[in-house]
Amino acid sequence: MSQSGKNGLTYSDAGVDIDAGNLMVEKIKPAVRSTRRPGADGEIGGFGGLFDLKAAGFKDPVLVAANDGVGTKLKIAIDADRHDTVGIDLVAMCVNDLVVQGAEPLFFLDYFATGKLDPEQGAAIVEGIAEGCRQAGCALIGGETAEMPGMYSHGDYDLAGFAVGAAERGQLLPAGDIAEGDVILGLASSGVHSNGYSLVRKIVTLSGLAWDAPAPFDSAKSLGEALLTPTKIYVKPLLKAIRETGAIKALAHITGGGFPENIPRVLPKHLAAEIDLDAVKAPAVFSWLAKTGGVEAKEMLRTFNCGVGMIAVVPADKADTVASALSAEGETVFRLGRMVAREEGTAGTIYKGTLAL
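Each residue of the sequence shown is one higher than the last, beginning at -7 in our numbering.
Keep in mind the hints are simulated off the structure, nothing from the lab. Predicted model, so just to flag it, every value in this text is computed and none were measured. Treat the hints with care, since some could be wrong.
Pair ranges (Cβ atoms, derived) [said to hold, decoys possible]:
| id | residue 1 | residue 2 | range |
| --- | --- | --- | --- |
| 1 | Asp312 | Ile10 | 52 to 60 Å |
| 2 | Arg25 | Ala289 | 40 to 48 Å |
| 3 | Pro22 | Gly107 | 52 to 60 Å |
| 4 | Ser182 | Gly142 | 31 to 39 Å |
| 5 | Arg28 | Ala202 | 35 to 43 Å |
| 6 | Leu15 | Ser190 | 27 to 35 Å |
Taking lysine-lysine pairs in the BS3-like style, the calculated list, with each CA pair at most 25 Å apart, reads [claimed, not checked]:
| id | residue 1 | residue 2 |
| --- | --- | --- |
| 7 | Lys228 | Lys283 |
| 8 | Lys344 | Lys310 |
| 9 | Lys273 | Lys228 |
| 10 | Lys213 | Lys194 |
| 11 | Lys194 | Lys51 |
| 12 | Lys213 | Lys283 |
| 13 | Lys290 | Lys261 |
| 14 | Lys344 | Lys273 |
| 15 | Lys261 | Lys194 |
| 16 | Lys290 | Lys344 |
| 17 | Lys228 | Lys310 |
| 18 | Lys108 | Lys19 |
| 19 | Lys261 | Lys344 |
| 20 | Lys344 | Lys283 |
| 21 | Lys46 | Lys228 |
| 22 | Lys67 | Lys19 |
| 23 | Lys232 | Lys51 |
| 24 | Lys228 | Lys51 |
| 25 | Lys261 | Lys310 |
| 26 | Lys310 | Lys273 |
| 27 | Lys232 | Lys46 |
| 28 | Lys283 | Lys273 |
| 29 | Lys228 | Lys67 |
| 30 | Lys67 | Lys283 |
| 31 | Lys273 | Lys213 |
| 32 | Lys273 | Lys290 |
| 33 | Lys194 | Lys67 |
| 34 | Lys310 | Lys232 |
| 35 | Lys108 | Lys67 |
Just so you know, even glycine gets a beta-carbon here, dropped at the ideal spot from N, CA and C.
Required output: the full structure, derived from the provided sequences and hints.
Right, here's the structure in full:
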């Protein structure tokens, strides 16, 4: 039936379905409710999310904020049609950046944009976000779902996340007393996390494998499923270790740029991180990526976490105490290196040993 008259158009004729948006909001309410914590107990649907710092137990807090996305890992989720884990990645990339400053993540907001809203797909994504929030102990207090026909190709979507945390004044990291001889502990990653996926996708294209083919580095999973392994959320173990030991001087989240870009961000200019590459046990996925793509070790270390998702700088005499506290919370911890004097004009990260790929 043709449009009658110039005023006959509706929003849904333009490709935006308000009813689909409302249906998605109803679908996600239980997931959102499951993330409640002291300081946040409101329902979604208002114009802004509320948080009560006093109810969360803070006396003189400094707020710390971070935002991030999931990058082109989303293309794998779309192509493999698996949407239940990228929300965990979204939260992880934000909250891991908060905890490195000694902050406890308090609340999270998400932005989900798509060309055509599929309420089932949207709900699966938000349920992943809620799972990430539960793992991090923060409340999902709001978000935005934007249906934008013409901006995104059919089936495509994008995600962004915003997290706010707090630390008591005077307890932020890095501490000012990082010294030569301090030990660098490495915390194992769960895999590729959420960086370098444009290169990952290029290597998969070179391999000629389909997303539903068995993963060459993990025969129990399809390639798509294995590469969608969510980013590890280190928040609860690290907060516990910070509070119990009082010995963590600095933390660095190993994201895009790997060791050379991320570790120097938390170090004083007169010190460098000496990394023992022999201590790194790179998961099989990294060996497969390096071999299939012909990627050199130096490029691997600049692009990927190579098996180390987080590092901690601790005094040498407290290294075992901190490692034990983290191991007790389920982390795989190893001595990765130490702090050494840095000459002006030299790199903030230096290597010894060889990365076993």
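Verification of the hints:
1. The hinted range of 52 to 60 Å is satisfied by aspartate 312 and isoleucine 10, whose Cβ atoms lie roughly 58 Å apart.
2. Checked against the hint of 40 to 48 Å, the C-beta distance between arginine 25 and alanine 289 comes to roughly 47 Å, which is consistent with it.
3. Hint check: proline 22 to glycine 107, Cβ distance near 27 Å, so the stated range 52 to 60 Å is violated.
4. Distance hint check: the CB atoms of serine 182 and glycine 142 are about 36 Å apart, consistent with the given range 31 to 39 Å.
5. The beta-carbon spacing between arginine 28 and alanine 202, approximately 41 Å, falls within the hinted interval of 35 to 43 Å.
6. Between leucine 15 and serine 190 the Cβ separation comes to about 34 Å, which falls inside the hinted range of 27 to 35 Å.
7. Of the pairs offered as hints, the one joining lysine 228 and lysine 283 is violated, with about 35 Å between alpha carbons and a cut-off of 25 Å exceeded.
8. Taken as a hint, the lysine 344 and lysine 310 pair is honoured in the structure, with Cα atoms around 23 Å apart against an allowance of 25 Å.
9. Taking the CA atoms of lysine 273 and lysine 228, the gap is about 23 Å. The hint holds against a cut of 25 Å.
10. Straight-line distance between C-alpha atoms of lysine 213 and lysine 194 comes to about 20 Å, which keeps the hinted pair within the 25 Å bound.
11. A C-alpha spacing of about 50 Å is found between lysine 194 and lysine 51, which places the hinted pair above 25 Å, so the restraint is violated.
12. Only pairs whose Cα atoms come within 25 Å are accepted, and lysine 213 paired with lysine 283 is accepted, the gap being roughly 20 Å.
13. A distance of roughly 23 Å separates the Cα atoms of lysine 290 and lysine 261; the hinted pair therefore holds under the 25 Å criterion.
14. Note on lysine 344 and lysine 273: the hinted pairing holds, with a Cα-Cα distance of about 15 Å set against a maximum of 25 Å.
15. A threshold of 25 Å between alpha carbons decides the hint, and for lysine 261 with lysine 194 the separation of about 36 Å lies outside it, so the pair is violated.
16. At most 25 Å may separate the alpha-carbon atoms for a hinted pair to count; lysine 290 and lysine 344 meet this at roughly 12 Å.
17. Straight-line distance between C-alpha atoms of lysine 228 and lysine 310 comes to about 20 Å, which keeps the hinted pair within the 25 Å bound.
18. Proposed proximity of lysine 108 and lysine 19 is supported: the alpha carbons are some 17 Å apart, at most 25 Å.
19. For the proposed pair lysine 261 and lysine 344, the alpha carbon gap of about 20 Å is at most 25 Å, so the pair holds.
20. For the hint pairing lysine 344 with lysine 283, the CA-to-CA distance comes to about 22 Å; that is within 25 Å, so the pair holds.
21. Distance check on the hinted pair: lysine 46 and lysine 228 sit about 20 Å apart at the alpha-carbon level, within 25 Å; holds.
22. Only pairs whose Cα atoms come within 25 Å are accepted, and lysine 67 paired with lysine 19 is accepted, the gap being roughly 24 Å.
23. For the proposed pair lysine 232 and lysine 51, the alpha carbon gap of about 19 Å is at most 25 Å, so the pair holds.
24. Between lysine 228 and lysine 51, the direct Cα distance comes to roughly 21 Å. Compliance with the 25 Å bound is thereby established for this hinted pair.
25. Among the hinted pairs, lysine 261 with lysine 310 is consistent with the structure: their alpha-carbon atoms are about 23 Å apart, no more than 25 Å.
26. Simply put, lysine 310 and lysine 273 have alpha-carbon atoms about 23 Å apart, close enough for the 25 Å limit, and the pair holds.
27. Annotation: proposed proximity of lysine 232 to lysine 46 holds, straight-line Cα distance about 21 Å (limit 25 Å).
28. For the proposed pair lysine 283 and lysine 273, the alpha carbon gap of about 16 Å is at most 25 Å, so the pair holds.
29. At most 25 Å may separate the alpha-carbon atoms for a hinted pair to count; lysine 228 and lysine 67 exceed this at roughly 29 Å.
30. Between the alpha carbons of lysine 67 and lysine 283 the distance comes to roughly 23 Å, so the proposed pair stays at or under 25 Å and holds.
31. This hinted pair checks out: lysine 273 and lysine 213 have alpha carbons roughly 21 Å apart, not beyond 25 Å.
32. Proposed proximity of lysine 273 and lysine 290 is supported: the alpha carbons are some 16 Å apart, at most 25 Å.
33. Between lysine 194 and lysine 67 the CA atoms are separated by roughly 12 Å; this keeps the pair inside 25 Å, and the hint holds.
34. Distance check on the hinted pair: lysine 310 and lysine 232 sit about 15 Å apart at the alpha-carbon level, within 25 Å; holds.
35. For the hint linking lysine 108 to lysine 67, the alpha-carbon distance of about 16 Å falls within 25 Å, and the restraint holds.
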